[in-house]
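Student: Read off the chains here:
2 protein chains.
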Amino acid sequence: MIKLFHFPICPFSRRVRLSLCEMNVAFSMINENIWDERREFLALNPAGTLPLIIDEDDNIIINTYAIIEYIEEKFKDDNTNLSYISGDIYQKAEIRRLIDWFDNKFHREVTKVIIRELIDKYYQKDELDNTSPNMELVRLAQENSSYHFDYISHLINSRRWIGGDALSQADFAAAAHISCLDYLGKVDWDRWVTLKNWYARIKSRPSFSPILEDNIAGFRPPAYYSNPDF
Amino acid sequence: MIKLFHFPICPFSRRVRLSLCEMNVAFSMINENIWDERREFLALNPAGTLPLIIDEDDNIIINTYAIIEYIEEKFKDDNTNLSYISGDIYQKAEIRRLIDWFDNKFHREVTKVIIRELIDKYYQKDELDNTSPNMELVRLAQENSSYHFDYISHLINSRRWIGGDALSQADFAAAAHISCLDYLGKVDWDRWVTLKNWYARIKSRPSFSPILEDNIAGFRPPAYYSNPDF
Numbered sequence: 712m713i714k715l716f717h718f719p720i721c722p723f724s725r726r727v728r729l730s731l732c733e734m735n736v737a738f739s740m741i742n743e744n745i746w747d748e749r750r751e752f753l754a755l756n757p758a759g760t761l762p763l764i765i766d767e768d769d770n771i772i773i774n775t776y777a778i779i780e781y782i783e784e785k786f787k788d789d790n791t792n793l794s795y796i797s798g799d800i801y802q803k804a805e806i807r808r809l810i811d812w813f814d815n816k817f818h819r820e821v822t823k824v825i826i827r828e829l830i831d832k833y834y835q836k837d838e839l840d841n842t843s844p845n846m847e848l849v850r851l852a853q854e855n856s857s858y859h860f861d862y863i864s865h866l867i868n869s870r871r872w873i874g875g876d877a878l879s880q881a882d883f884a885a886a887a888h889i890s891c892l893d894y895l896g897k898v899d900w901d902r903w904v905t906l907k908n909w910y911a912r913i914k915s916r917p918s919f920s921p922i923l924e925d926n927i928a929g930f931r932p933p934a935y936y937s938n939p940d941f
Numbered sequence: 712m713i714k715l716f717h718f719p720i721c722p723f724s725r726r727v728r729l730s731l732c733e734m735n736v737a738f739s740m741i742n743e744n745i746w747d748e749r750r751e752f753l754a755l756n757p758a759g760t761l762p763l764i765i766d767e768d769d770n771i772i773i774n775t776y777a778i779i780e781y782i783e784e785k786f787k788d789d790n791t792n793l794s795y796i797s798g799d800i801y802q803k804a805e806i807r808r809l810i811d812w813f814d815n816k817f818h819r820e821v822t823k824v825i826i827r828e829l830i831d832k833y834y835q836k837d838e839l840d841n842t843s844p845n846m847e848l849v850r851l852a853q854e855n856s857s858y859h860f861d862y863i864s865h866l867i868n869s870r871r872w873i874g875g876d877a878l879s880q881a882d883f884a885a886a887a888h889i890s891c892l893d894y895l896g897k898v899d900w901d902r903w904v905t906l907k908n909w910y911a912r913i914k915s916r917p918s919f920s921p922i923l924e925d926n927i928a929g930f931r932p933p934a935y936y937s938n939p940d941f
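Chains A and B supply the protein sequences, listed in that same order. Take my numbering: the final residue in the first sequence is number 941, and no numbers are missing along the way. Take my numbering: the final residue in the second sequence is number 941, and no numbers are missing along the way.
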């Protein structure tokens, strides 16, 4: 069975979990605190980053880009249309453009800052001198999210899903980032109705249930986090 | 003919140029100064980033990840083995792991810092108050590069090319970043013999000639920059 090294509040790990579930692939999970710089983990991945999978033949596959393309190639099924980077070559390019939007632009401007201030610092409290989260940076990152939420709303208003008319890796990427923010209570849902309707559709998918059950010590999610009718 | 919007000292644009040349695809180039935030360019790509291509059917393809996968799918040739993400599914995952290493880890720790201090600030001199490069940050980024150059040397010592025994996108990614540093005189070649031998092999490829002829106003490359026998 595939083994996934992950961290619950890591948007990249979450996307791999979603993808494996949607592809109906069984896998087990190992919770890796990358801040511990565990020697055994660094031997597997010198970059020290998540996610990482070891497949049933003991092949190690490292980082989201490589893992997602591996999953797509290995488990896609042309007969049942099971693929989340699908469509013609331009449709696939559009999905990949949006994956990159979330994993780079959105991550840099929003998720990374909020996770660094709230989560990374908490897990590094024994090593760093100052681990109080800088709430001004958290506020600015939340402000940055408005522009992205506007853009997602604009996309969803003209398409069924973010990357086009089919559910795709672009939705998984967006949902992975937004669900991390939501766990930390950093999405003001009342302001974003279109986004909320899209997120409700994602939340009600069986692949999303395990993510809604995540719980990490020291951080209790808001009550609505796990509720598909939030 | 494909049109590529690029900037000469942009590692991501350089990788697309290399890939198109290696795939024998004719293309024209438009030099885009992203600091100008040109309205016509933002209409093409709301993220305002490079590279971007418009293909012969007027399809717009945005960002390296989407462009490279598009080029690989469209122009690969199984008969002649023309592909730079090739091999079995694990070999491809290894190439993609290393692409991500250079485009994220190496970029964040080295290229991005040096380009920001030297190039971005120069091009923003009319808009920013303080545009003197912070040479201490440049020095630290160069220091960071040692660890990466050691790692590349380690890889090349056990393989013909960085991603395996075949030339791949991992080599193009590494060469794209390193050639930007080299243009700015920030690689101490005397220290890195294995790396230098690999780079000489890349430099002597016809696909690399246009990159060796790059010249941007305000920045003259070192004399050895364009010499394959440096």
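Worth flagging that the hints you see were computed from the coordinates, not collected in a lab. Some hints could be false.
Given that identical chains are not distinguished, each listed pair holds provided it fits within a single copy or across any two copies.
[Unchecked claim] No farther apart than 20 Å at their CA atoms in a straight line, the calculated lysine to any residue pairs in the SDA-like style are these:
no., residue 1, residue 2
1, K897, I927
2, K714, A754
3, K787, D799
4, K787, S797
5, K836, T791
6, K816, A737
7, K816, D747
Student: Now look at each hint and say whether the structure bears it out.
Tutor: Each hint, compared with the structure:
no.: 1; hint: K897 x I927; verdict: within (16 Å within a copy, 44 Å between copies)
no.: 2; hint: K714 x A754; verdict: within (16 Å within a copy, 43 Å between copies)
no.: 3; hint: K787 x D799; verdict: both (15 Å within a copy, 16 Å between copies)
no.: 4; hint: K787 x S797; verdict: both (9 Å within a copy, 19 Å between copies)
no.: 5; hint: K836 x T791; verdict: neither (48 Å within a copy, 55 Å between copies)
no.: 6; hint: K816 x A737; verdict: neither (31 Å within a copy, 30 Å between copies)
no.: 7; hint: K816 x D747; verdict: between (27 Å within a copy, 19 Å between copies)
The structure is inconsistent with the numbered hints 5 and 6, although it conforms to all the rest.
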